[in-house]
Amino acid sequence: MGVQEQYPFDVEAVRADFPILDRKVGGDPESPGEGPGDDTPLVYLDSAATSHTPDPVVDTIADYYRGYNANVHRGIHQLSQEASVAYEQAHDTVADFVGASGREEIVFTKNTTEAMNLVAYAWGLEELGPGDNVVLSQMEHHSSLVTWQQIGKRTGADVRFIEVTDEGRLDMEHAASLIDDDTQMVSVVHVSNTLGTVNPIPEISAMAHDHDAYVFADGAQSVPTRPVDVGDLGVDFLAFSGHKMCGPTGIGALYGREEILDEMGPYLYGGDMIRRVSFEDSTWEDLPWKFEAGTPSIAQGIAFAAAIEYLEEIGMDNVQAHEDLLAEYAYDELTDLGGVEIYGPPGHDRGGLVAFNVEGVHAHDLSSILNDYGVAIRAGDHCTQPLHDEMGVAASARASFYLYNTVEEIDALVEAVGEARDLFA
Amino acid sequence: MGLGSDMYRQQILDHYKNPRNYGELEDPDFTHVGENPSCGDTIRMQVALDDAGETIDAVRFTGDGCAISMASASMLSERLHGMSIEELDELDTDDVTEMLGVDISPMRVKCAVLGRQVAQDGSKIHRGELDPDDRTKTEE
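Chains as they are written, first to last, in my numbering: chain A, 18 to 442; chain B, 9 to 148.
Don't read these hints as lab results, they were simulated from the structure.
Careful, some of the hints might be misleading.
[As the list claims (entries may be wrong)] Here are the simulated distance ranges between beta carbons: (1) B:Ser92 with A:Asp353: 53 to 59 Å; (2) B:Met107 with A:Asp353: 36 to 42 Å; (3) A:Pro219 with B:Met107: 45 to 51 Å; (4) B:Met107 with A:Asp56: 29 to 35 Å; (5) B:Met107 with A:Gln106: 57 to 63 Å.
[To be verified] With a straight-line Cα cutoff of 25 Å, these simulated SDA-like cross-link-like pairs (lysine to any residue) come out: (6) B:Lys25 with A:Gly397; (7) B:Lys25 with A:Glu376; (8) B:Lys132 with B:Met107.
[What the hints assert, rightly or not] Partial selection, computed: residues in chain B whose CB lies under 8 Å from chain A: (9) Met15; (10) Tyr16; (11) Ser46; (12) Cys47; (13) Gly73; (14) Ile76; (15) Ser113; (16) Arg116.
C-beta: ideal position from N, C-alpha, C; glycine also.
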């Protein structure tokens, strides 16, 4: 039938950039590479947790440490200049990638969670109070849910949750009833890491802006997997992580509209974020450096830009087309297998991940058995415990796909799921 | 390929599908509930002691969770019968994995030991050695 013929790019060529995909698993985790049974090909279906890193990005990290390792913004010497220019230009690359107007609107953070906390602390603690409200959705990742919940407790602001329909979509009528003139922030996940739902962020932005509220989109699962433009989304803030998009861990980005970031005070104090310091007082550096206190993740920041260049080479439209293809195929194959409950919207209308449960098999047992077949998936609550409560399950299994995954790997997943189902039958 | 693996040999599946001593005691000396929040595994253990209060006379458990945690609780419930409170205190992780008779992968040890932890904590609360507000979790 040739689903492979519909690949929007040469997947085998992409796979060649990821040597880790060739490794074998199945041995003793405490002594990898040794012992019997260590001969099962890896089928990596956990990219929504973290993606793999292609050679050009790994090379970028090595080139930095071998060639021009130096602290940024601190020296006149050549290495510091080279490092500073590369680190600053990385902000430009990220800005271009999401349609921001320039580096002033891109703050490098540790990850999506830190970006969320930056806004919650620097803006939320200052601006929110009793009578105000923040609107989230029931499908928020803990990174935004816990953050705004706790900021709500500290400021007295009400935190509200847009309900999720039976099909795993946001109840937009409920959203309209929650967002009012006291709403200061609407913080919603763009693509759900559990349901795979692609939320209508432009619609939510329009709704929020009608009430003069800001909009924060959690782009952790969307920016890596599809074209994202902050103008098209109409958002005021967007956060995402490098390690889910072919980059290293320890680097993420906050997009913030310049005029808002300008008015916000710093989140962390210290070196590099100041302009002039006396014993009595200090003034702050320009954007975005005002929000990047201390020595940043320099190699990771530069490699983050290299990851984006890698993705742009393939084209984000193509990445999305590939994700869509695999998601629909996995959804259909798991449905046909029988005894599998899949959460969220149908296969043709979701991001590149599928969370499910197999009748009679706990997600952790399933994941353990799949591991014996070399299939790496996530099992647990995926950092959406309240959503799992709503779904009526304690845990689920989640297979997630990226540009290097193939139809054959999904076949391996489905076969192993079938084996697990039969073992427990 | 370590087919389904070694961790899911017949004995484990048997105890999972047909748990022993599943249910409730009419007159337990102590009852304790514990959980692993991230898996959603929950186990409730009830223990009745002999007249001297030193030896375990009867055990019942109920629970919800993965095969490893449920099979482990089931096997433990058989093993505890006739055991002294002191012997219960001394049960360690190795004893549990030995009882299961399979290699438990490092990420799953917390599932395997939940039942033992619930029984031990329940016993300690019964003796006033542990604050009953401390809920048992094996994830810390």
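Quick rundown of the hints versus the structure:
no.: 1; hint: B:Ser92 with A:Asp353: 53 to 59 Å; verdict: holds, 55 Å
no.: 2; hint: B:Met107 with A:Asp353: 36 to 42 Å; verdict: holds, 40 Å
no.: 3; hint: A:Pro219 with B:Met107: 45 to 51 Å; verdict: violated, 57 Å
no.: 4; hint: B:Met107 with A:Asp56: 29 to 35 Å; verdict: holds, 30 Å
no.: 5; hint: B:Met107 with A:Gln106: 57 to 63 Å; verdict: holds, 60 Å
no.: 6; hint: B:Lys25 with A:Gly397; verdict: holds, 22 Å
no.: 7; hint: B:Lys25 with A:Glu376; verdict: holds, 13 Å
no.: 8; hint: B:Lys132 with B:Met107; verdict: holds, 22 Å
no.: 9; hint: Met15; verdict: holds, 6 Å
no.: 10; hint: Tyr16; verdict: holds, 6 Å
no.: 11; hint: Ser46; verdict: holds, 6 Å
no.: 12; hint: Cys47; verdict: holds, 5 Å
no.: 13; hint: Gly73; verdict: holds, 6 Å
no.: 14; hint: Ile76; verdict: holds, 7 Å
no.: 15; hint: Ser113; verdict: holds, 7 Å
no.: 16; hint: Arg116; verdict: holds, 6 Å
Violated hints amount to a single one, hint 3; each of the other numbered hints is respected by the structure.
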